[in-house]
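Protein chains in written order, with our numbering: chain A, 4 to 318; chain B, 4 to 318.
A couple of the hints might just be wrong.
Copies of one chain are not kept apart here, so a pair can be met inside one copy or by any two copies together.
Said to hold, decoys possible - Here are the simulated BS3-like pairs of lysine-lysine, each with C-alpha atoms no more than 30 Å apart in a straight line: (1) K312 <-> K171; (2) K260 <-> K207; (3) K163 <-> K7; (4) K271 <-> K207; (5) K109 <-> K162; (6) K268 <-> K312; (7) K216 <-> K271; (8) K285 <-> K109; (9) K309 <-> K142; (10) K267 <-> K27; (11) K109 <-> K282; (12) K273 <-> K119; (13) K7 <-> K142; (14) K109 <-> K163; (15) K27 <-> K260; (16) K26 <-> K282.
No lab work stands behind these hints, which were simulated from the structure alone.
Protein chains: 2
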Amino acid sequence: MKNKNVVVIGGGTGTYTVLSGLKKYPVNLTAIVSMADDGGSTKLLREEFGILPPGSVRPALIALSNAPQTLAELFNFRFHRGSLNGHNFGNLFITALTEHFGSFEKALEEAGKILKIQGQVIPSTLQRVRLVAELENGKIVQGETNVDVPKHDGTLRIKKIWLQPPGKANPRAVRALKEAHLIVVGPGDVFSSILPNFLVQGMKGSFQRSKAKKVYVCNIMTKFGETTHFRAESFLNTMEKYIGEGVFDYIILNTKKPPVERVKKYEKEKAEFVEGNPKEFKGRDFTIIRKDFLRKTGFIRHDPDKLAKALISIF
Amino acid sequence: MKNKNVVVIGGGTGTYTVLSGLKKYPVNLTAIVSMADDGGSTKLLREEFGILPPGSVRPALIALSNAPQTLAELFNFRFHRGSLNGHNFGNLFITALTEHFGSFEKALEEAGKILKIQGQVIPSTLQRVRLVAELENGKIVQGETNVDVPKHDGTLRIKKIWLQPPGKANPRAVRALKEAHLIVVGPGDVFSSILPNFLVQGMKGSFQRSKAKKVYVCNIMTKFGETTHFRAESFLNTMEKYIGEGVFDYIILNTKKPPVERVKKYEKEKAEFVEGNPKEFKGRDFTIIRKDFLRKTGFIRHDPDKLAKALISIF
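Take the sequences, apply the hints, and build the full model.
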């Protein structure tokens, strides 16, 4: 696997998980992250500084960091008082670098040096884009943060999403896809984190044309408003609808159901365990890797090491 | 000079100059900095987070930093837009660390690690103190920032300054003074930067009792409202009034008058070149080091290398 190029596409916690697991192997890591984020601290910084969303590159930077623990911790630190309330320190860091150097890409490069990252983090586009969703009742929802946390009752499904303006793929992202040996899509928020990467002009085609092995890592939990009641098959179908039918060579599915008390903690946010029967995928042309990928304790997420092991086994 | 302990007392740009010059020599450097600052970005952060002033430790941290240039530059970066307008990034950095670790001293220690500082930066006190000044007309001025930039017409001299509450000397500062071989006081703002260090209980005594050689580096320019029309002798007399008569073993005086066009730039802020005739010090029991210490271009400040060379020659 030495000198193999692995590209991870996503943006949030899921990308963090994949990268922190893969980081332990001697592969060249590239994270391509969505630039559609516009919530919280990022929203204010986008509005006031007109910069690309710092919040989207942060998890990938931290995952790849080999800097002392304190600096990585600090990057995730959020102010809870005063006029800085709600601001994430990592976001301020990236904003200060962008203001100082006059370029988001240069800022990202310098942040990478300071955090001593092992690999690279590439914004899927360098243009300012906005995520728009149409719900099944025809209602239009503007902005990633409104797709992410539904303002309606949450029972309405998302019919379609697109970017406004569409934005062009970052040439560096295109090159990374071309040179990749393995591309990992997900896990992560389907509409607000993963798919926006593929909506910029040129990304879908570059992904399809890449000779890399392509893996989709299905989420373990649904997300209310985005993927309410989704089964594994619904996740895959949604991916294929936007990225192309039959694009994936491998599908990674978790089989381990978490104990009731862990699932119970998700009741408030109406998230459910993702069920999936391999029979649902009968006749499809990909390899299914079904295993226990569950983290032992805490949040119901993929265990970084188990996931990385399965991904590396693909080589 | 190897393994000699050099302590620099001050806080602002002057301390930055001394430290960046001395850093090139194999001495153990300690900066003791005033905790009375309360202006600008620091003011807001003190009010909102109740922390010690991050702005006072910043110049010393940057001077001692061996981290990549970008990080040091970033520490000095100031936001000029939006809700972060006026905030210095280094101050936000130290505030985030203080919030994260729950202690200013721990934050300072961690900031030192991240910036890979060569030496240590010690707050003169760990208590929250406030600088108070009495002008010659009896008027009381509250707060360092109001002493620093006079709100009155600036012709009134400062009669007396003190801290409210007085604050206790940081035991680490006391130890550093005790173990010092050389203590450098100044250059820097006399009332708003240097002297507040000596106003905390225990500092003056520790300084006097220290067996170190003690040097006073006289400012090159006066500061309107603080040291209006001061000559070298007035600087020294003011120092001795607060720290004790005859405490200094060496006085460093600049002899080189800057060209008119450089002085002209200071007319707006009513700062003047500090004149000094060695005869004024006749009969005093210290060695005078009179030389050209002037920086070649730009701000009228000490040249870090010339100053360091003179200081090191004292060993």
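Quick rundown of the hints versus the structure:
1. K312 <-> K171: For K312 and K171, the Cα distance exceeds 30 Å both inside one copy (34 Å) and across copies (57 Å).
2. K260 <-> K207: Neither, since 33 Å and 68 Å both go past 30 Å.
3. K163 <-> K7: The answer is neither: 35 Å in one copy and 70 Å across copies each exceed 30 Å.
4. K271 <-> K207: neither (35 Å within a copy, 60 Å between copies)
5. K109 <-> K162: Neither: 37 Å inside a chain and 51 Å across chains, both beyond 30 Å.
6. K268 <-> K312: within (28 Å within a copy, 65 Å between copies)
7. K216 <-> K271: Neither: 38 Å inside a copy, 68 Å across copies.
8. K285 <-> K109: Result: close neither inside a copy nor across copies, 47 Å intra and 58 Å inter.
9. K309 <-> K142: Intra 40 Å, inter 71 Å, cutoff 30 Å: neither.
10. K267 <-> K27: neither (33 Å within a copy, 61 Å between copies)
11. K109 <-> K282: Neither: 48 Å inside a chain and 57 Å across chains, both beyond 30 Å.
12. K273 <-> K119: Classified as neither; 38 Å inside a copy, 46 Å across copies.
13. K7 <-> K142: neither (44 Å within a copy, 73 Å between copies)
14. K109 <-> K163: So K109 and K163 fail the 30 Å test inside a copy (34 Å) and across (50 Å) alike.
15. K27 <-> K260: within (27 Å within a copy, 61 Å between copies)
16. K26 <-> K282: Answer is neither; intra-copy 33 Å and inter-copy 69 Å both fail.
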